[in-house]
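Novice: Model the full assembly from the supplied sequences, consistent with the hints where possible.
Going line by line, the protein sequences match chains A and B. Position one of the first sequence corresponds to residue 1 (the numbering used here), numbered consecutively onward. Position one of the second sequence corresponds to residue 1 (the numbering used here), numbered consecutively onward.
Where hints are given, some of them may not hold.
Unchecked claim - Chain B residues, not near chain A, derived (Cβ > 10 Å throughout):
hint: 1; residue: A41
hint: 2; residue: Q71
hint: 3; residue: A112
hint: 4; residue: Q146
hint: 5; residue: G190
hint: 6; residue: G314
hint: 7; residue: F335
As the list claims (entries may be wrong) - Cross-link-like lysine-lysine pairs, in silico, BS3-like; alpha carbons within 27 Å at most:
hint: 8; chain 1: A; residue 1: K155; chain 2: B; residue 2: K8
hint: 9; chain 1: A; residue 1: K132; chain 2: A; residue 2: K151
hint: 10; chain 1: B; residue 1: K303; chain 2: A; residue 2: K151
hint: 11; chain 1: A; residue 1: K132; chain 2: A; residue 2: K61
hint: 12; chain 1: A; residue 1: K132; chain 2: A; residue 2: K155
hint: 13; chain 1: B; residue 1: K183; chain 2: B; residue 2: K203
hint: 14; chain 1: A; residue 1: K60; chain 2: A; residue 2: K151
hint: 15; chain 1: A; residue 1: K154; chain 2: B; residue 2: K8
hint: 16; chain 1: B; residue 1: K46; chain 2: B; residue 2: K8
hint: 17; chain 1: A; residue 1: K58; chain 2: A; residue 2: K132
hint: 18; chain 1: A; residue 1: K151; chain 2: A; residue 2: K61
hint: 19; chain 1: B; residue 1: K15; chain 2: A; residue 2: K151
hint: 20; chain 1: A; residue 1: K60; chain 2: A; residue 2: K155
hint: 21; chain 1: A; residue 1: K155; chain 2: B; residue 2: K15
hint: 22; chain 1: B; residue 1: K157; chain 2: B; residue 2: K203
hint: 23; chain 1: A; residue 1: K155; chain 2: A; residue 2: K61
hint: 24; chain 1: A; residue 1: K132; chain 2: A; residue 2: K60
hint: 25; chain 1: B; residue 1: K8; chain 2: A; residue 2: K132
hint: 26; chain 1: B; residue 1: K303; chain 2: B; residue 2: K67
hint: 27; chain 1: A; residue 1: K154; chain 2: A; residue 2: K60
hint: 28; chain 1: B; residue 1: K67; chain 2: A; residue 2: K154
hint: 29; chain 1: B; residue 1: K67; chain 2: B; residue 2: K46
hint: 30; chain 1: A; residue 1: K132; chain 2: B; residue 2: K15
hint: 31; chain 1: A; residue 1: K154; chain 2: A; residue 2: K61
These are calculated hints, taken from the structure and not from any lab test. Treat the numbers as computed from the prediction; the structure is a model and nothing was measured. A virtual CB, placed ideally from N, CA and C, is assigned to each residue, including glycine.
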Amino acid sequence: MSNEIIEGILEGLRLIFTFDSEVWGVIEVSFRVSLTSTFLAALVALPIGSFIGLRTFKGKKEVTNLINTFMGFPPVVMGLVVYLLLSRTGPFGALGLLYSTSAMIIAQFLLAVPIIMGTAKAAIESVDPILKETVLSLGANERQLWWELIKHSKKSIIAGFLVAFGQAISEVGAVMIVGGNIRWETRTFTTSIVLQTRMGEFGMAIALGVILITIAFIVNYGLTRLQTRVD
Amino acid sequence: MSTRKPLKQLIIDHKTAVILALVIIAGGSIGIYFAIDYLNAQNPEKITLATTTSTYDSGLLDYLLPKFTEQTGIQIKVLSVGTGTAIQYGKDGNADVILVHSRSREDDFVNASLGVDGIPYGIHRACVMFNDFIIVGHESNPANLQLGDNITTVMTKLRYAMDTGNMTFYSRGDNSGTHSKEKALWAMIGVDAAVRWENQPEKYTETGQGMAATLLMTYEDDDAEHEGYTLVDRGTWLSFYEDYTSLDILAESIIGEDLLLNPYGVIPVNPIIHPHVKYLSACRFVGFLTSSYGQNLIDAYRKNDQILFHANFGTCDVDVGCTTTTDEIGIWTPFQAEFTDLTV
Numbered sequence: 001m002s003n004e005i006i007e008g009i010l011e012g013l014r015l016i017f018t019f020d021s022e023v024w025g026v027i028e029v030s031f032r033v034s035l036t037s038t039f040l041a042a043l044v045a046l047p048i049g050s051f052i053g054l055r056t057f058k059g060k061k062e063v064t065n066l067i068n069t070f071m072g073f074p075p076v077v078m079g080l081v082v083y084l085l086l087s088r089t090g091p092f093g094a095l096g097l098l099y100s101t102s103a104m105i106i107a108q109f110l111l112a113v114p115i116i117m118g119t120a121k122a123a124i125e126s127v128d129p130i131l132k133e134t135v136l137s138l139g140a141n142e143r144q145l146w147w148e149l150i151k152h153s154k155k156s157i158i159a160g161f162l163v164a165f166g167q168a169i170s171e172v173g174a175v176m177i178v179g180g181n182i183r184w185e186t187r188t189f190t191t192s193i194v195l196q197t198r199m200g201e202f203g204m205a206i207a208l209g210v211i212l213i214t215i216a217f218i219v220n221y222g223l224t225r226l227q228t229r230v231d
Numbered sequence: 001m002s003t004r005k006p007l008k009q010l011i012i013d014h015k016t017a018v019i020l021a022l023v024i025i026a027g028g029s030i031g032i033y034f035a036i037d038y039l040n041a042q043n044p045e046k047i048t049l050a051t052t053t054s055t056y057d058s059g060l061l062d063y064l065l066p067k068f069t070e071q072t073g074i075q076i077k078v079l080s081v082g083t084g085t086a087i088q089y090g091k092d093g094n095a096d097v098i099l100v101h102s103r104s105r106e107d108d109f110v111n112a113s114l115g116v117d118g119i120p121y122g123i124h125r126a127c128v129m130f131n132d133f134i135i136v137g138h139e140s141n142p143a144n145l146q147l148g149d150n151i152t153t154v155m156t157k158l159r160y161a162m163d164t165g166n167m168t169f170y171s172r173g174d175n176s177g178t179h180s181k182e183k184a185l186w187a188m189i190g191v192d193a194a195v196r197w198e199n200q201p202e203k204y205t206e207t208g209q210g211m212a213a214t215l216l217m218t219y220e221d222d223d224a225e226h227e228g229y230t231l232v233d234r235g236t237w238l239s240f241y242e243d244y245t246s247l248d249i250l251a252e253s254i255i256g257e258d259l260l261l262n263p264y265g266v267i268p269v270n271p272i273i274h275p276h277v278k279y280l281s282a283c284r285f286v287g288f289l290t291s292s293y294g295q296n297l298i299d300a301y302r303k304n305d306q307i308l309f310h311a312n313f314g315t316c317d318v319d320v321g322c323t324t325t326t327d328e329i330g331i332w333t334p335f336q337a338e339f340t341d342l343t344v
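Specialist: Take a look at the structure:
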């Protein structure tokens, strides 16, 4: 078995550096889907989440509970929900989007929104109230206060993006169900590893695993650098 | 840092414009994705095939499909799932054509009375090929199976060994074609395995996983005097037998007996029930598989130098006791025409 692991790692390096078109295709699909869904989710969830964190209103507790529940929503259930919505017999079946990257983006978007929303809300709330009072006493309106708080808590907000992206790229259940693991089209790292393991191609599976971990490390390293630089 | 100031200032000064631009870029990019995927879904030259893991994992489809695409320009998206799921995809209209192996459920799929308002889900099943199932177990063989035993003897011996607690049978338990076959084999000796050994996983384990995972679990179960057996298709077995050295073939089909044979059928989804399916392209695919060209390709396919699938369009009544009539065979003649001049 240890031989298999070493061979797998070597195979992984070989596949990356010989620019194997299938491996790079899988990398491309994984990143395209995960980055797009995280980006879209951030655009939607950051304003809403920070707004909820900023204001106090009736029912805020319930909204918070709801967001927290959805932060831990099982991805495979989300896959099932999106499958049922996009299936030809479902309400959006006529679009024919099932088994496409669009379907995968939709599922991952819905998973990422509560995560980013929840972290943004918590980040805004955890800002020192003295800062809030100071900003207001300087004559800022609510929009200016909001912007100041976002700037002040960007570290936590970026961490929220990272968590959402990490979940998206390593998720397997939902993308398998709604993407269908179609070669050259909707095959990602994770679904490819499932397939290769099933076929007994452990070398290829390990190779993809190694690539995934390496890339995740590089992305996280880069973002951590970015995080420390914004201080 | 001072060089970055102007850009930062620019963004702060035009916050609304920047946010608007981001929204437009995001909206535009997602819109393009959706548009491309939407158009692909309408494109008659891209069809979806729902099939079983055995045809895909054995490499057969990766070998066959490019040759079909080369001739017709039609691209095929493959969903490799279990027979049960593949048939469900067909019923829901999420696939254009299915290639599966469970004769009774295929018959239900084309049965008008089990369709919608008397219209069947699929039309015109065609036999394509068959392969065979084998029963594998550990060398010490506590159930004492002998190669050459007929299948009734094999199943009776397994039942006895399981009842006495000498062995564990690993079942897919996932409604796949292999699982259907296993249930049919138990039914032949009057056993409903899931009931007889209900909640006794040390005798009958339902893995709920694919064939490779189930085979691995069988391999790992090698306690002395208490060992794993499973039913496996030969294609999957050939992918793993070199690694699983302690497992052996303990039962296989003997001449004159077709119960362990595993016929595959291809069925286009009915466009009357699902008007969006690309029926014509699906029929050309069936024409390809059943043409002499497609059939020769299937026969020529080798994995680890072994034959995996035996083409049997038109001869399935002899090979596997299939009831296909000459009329049902004749339907495909016009669709085969475009492939007849091709040679392997």
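Novice: Indicate, hint by hint, whether the structure satisfies it.
Specialist: These are the hints, each one checked on the structure:
1. Not every Cβ of chain A is farther than 10 Å from the Cβ of B:A41; the closest lies at roughly 3 Å, contradicting the non-interface assignment.
2. No Cβ of chain A approaches the Cβ of B:Q71 within 10 Å, the least distance being about 19 Å, so the stated non-interface status holds.
3. Separation of B:A112 from chain A is adequate, the least Cβ-Cβ distance of about 19 Å exceeding the 10 Å criterion.
4. Annotated as non-interface, B:Q146 keeps its C-beta farther than 10 Å from every C-beta of chain A; the closest such distance is 28 Å.
5. The beta carbon of B:G190 sits about 33 Å from the closest Cβ of chain A, which is more than 10 Å, so the claim that it is off the interface holds.
6. Distance check on B:G314: its Cβ is at least 31 Å (rounded) from any Cβ of chain A, clearing the 10 Å threshold; non-interface status holds.
7. Consistency note on B:F335: stated as away from chain A, and its beta-carbon is indeed over 10 Å from all of that chain's, at 24 Å minimum.
8. For the hint linking A:K155 to B:K8, the alpha-carbon distance of about 18 Å falls within 27 Å, and the restraint holds.
9. Straight-line distance between C-alpha atoms of A:K132 and A:K151 comes to about 12 Å, which keeps the hinted pair within the 27 Å bound.
10. For the proposed pair B:K303 and A:K151, the alpha carbon gap of about 60 Å is over 27 Å, so the pair is violated.
11. Simply put, A:K132 and A:K61 have alpha-carbon atoms about 21 Å apart, close enough for the 27 Å limit, and the pair holds.
12. For the given pair, A:K132 sits about 17 Å from A:K155 by alpha-carbon distance, which is consistent with the 27 Å threshold.
13. Between B:K183 and B:K203, the direct Cα distance comes to roughly 15 Å. Compliance with the 27 Å bound is thereby established for this hinted pair.
14. A distance of roughly 23 Å separates the Cα atoms of A:K60 and A:K151; the hinted pair therefore holds under the 27 Å criterion.
15. Restraint check: the Cα-Cα separation between A:K154 and B:K8 comes to about 15 Å, which is no more than 27 Å; the hinted pair holds.
16. For the given pair, B:K46 sits about 47 Å from B:K8 by alpha-carbon distance, which is inconsistent with the 27 Å threshold.
17. For the given pair, A:K58 sits about 21 Å from A:K132 by alpha-carbon distance, which is consistent with the 27 Å threshold.
18. Simply put, A:K151 and A:K61 have alpha-carbon atoms about 25 Å apart, close enough for the 27 Å limit, and the pair holds.
19. Our distance criterion of 27 Å between C-alpha atoms is met by B:K15 and A:K151, whose separation comes to about 13 Å.
20. For the hint pairing A:K60 with A:K155, the CA-to-CA distance comes to about 24 Å; that is within 27 Å, so the pair holds.
21. Taking the CA atoms of A:K155 and B:K15, the gap is near 20 Å; set against the 27 Å cutoff, the hint holds.
22. For the given pair, B:K157 sits about 14 Å from B:K203 by alpha-carbon distance, which is consistent with the 27 Å threshold.
23. A distance of roughly 25 Å separates the Cα atoms of A:K155 and A:K61; the hinted pair therefore holds under the 27 Å criterion.
24. Distance hint between A:K132 and A:K60 is fulfilled; the C-alpha atoms sit about 19 Å from each other, no more than 27 Å.
25. Between B:K8 and A:K132, the direct Cα distance comes to roughly 23 Å. Compliance with the 27 Å bound is thereby established for this hinted pair.
26. With a C-alpha separation of about 18 Å, the suggested pair B:K303 and B:K67 falls inside the 27 Å cut-off, and the hint holds.
27. Distance restraint check for A:K154 and A:K60: the Cα-Cα separation of roughly 23 Å lies within the 27 Å cut-off, and the hinted pair is therefore satisfied.
28. At roughly 54 Å between alpha-carbon atoms, B:K67 and A:K154 are farther apart than 27 Å, so this suggested pair is violated.
29. Our distance criterion of 27 Å between C-alpha atoms is met by B:K67 and B:K46, whose separation comes to about 15 Å.
30. Distance hint between A:K132 and B:K15 is fulfilled; the C-alpha atoms sit about 21 Å from each other, no more than 27 Å.
31. Between A:K154 and A:K61 the alpha-carbon distance is near 24 Å, which keeps this suggested pair within the 27 Å criterion.
Figure legend: structure checked against the earlier numbered hints; hints not met, in rising order: 1, 10, 16 and 28.
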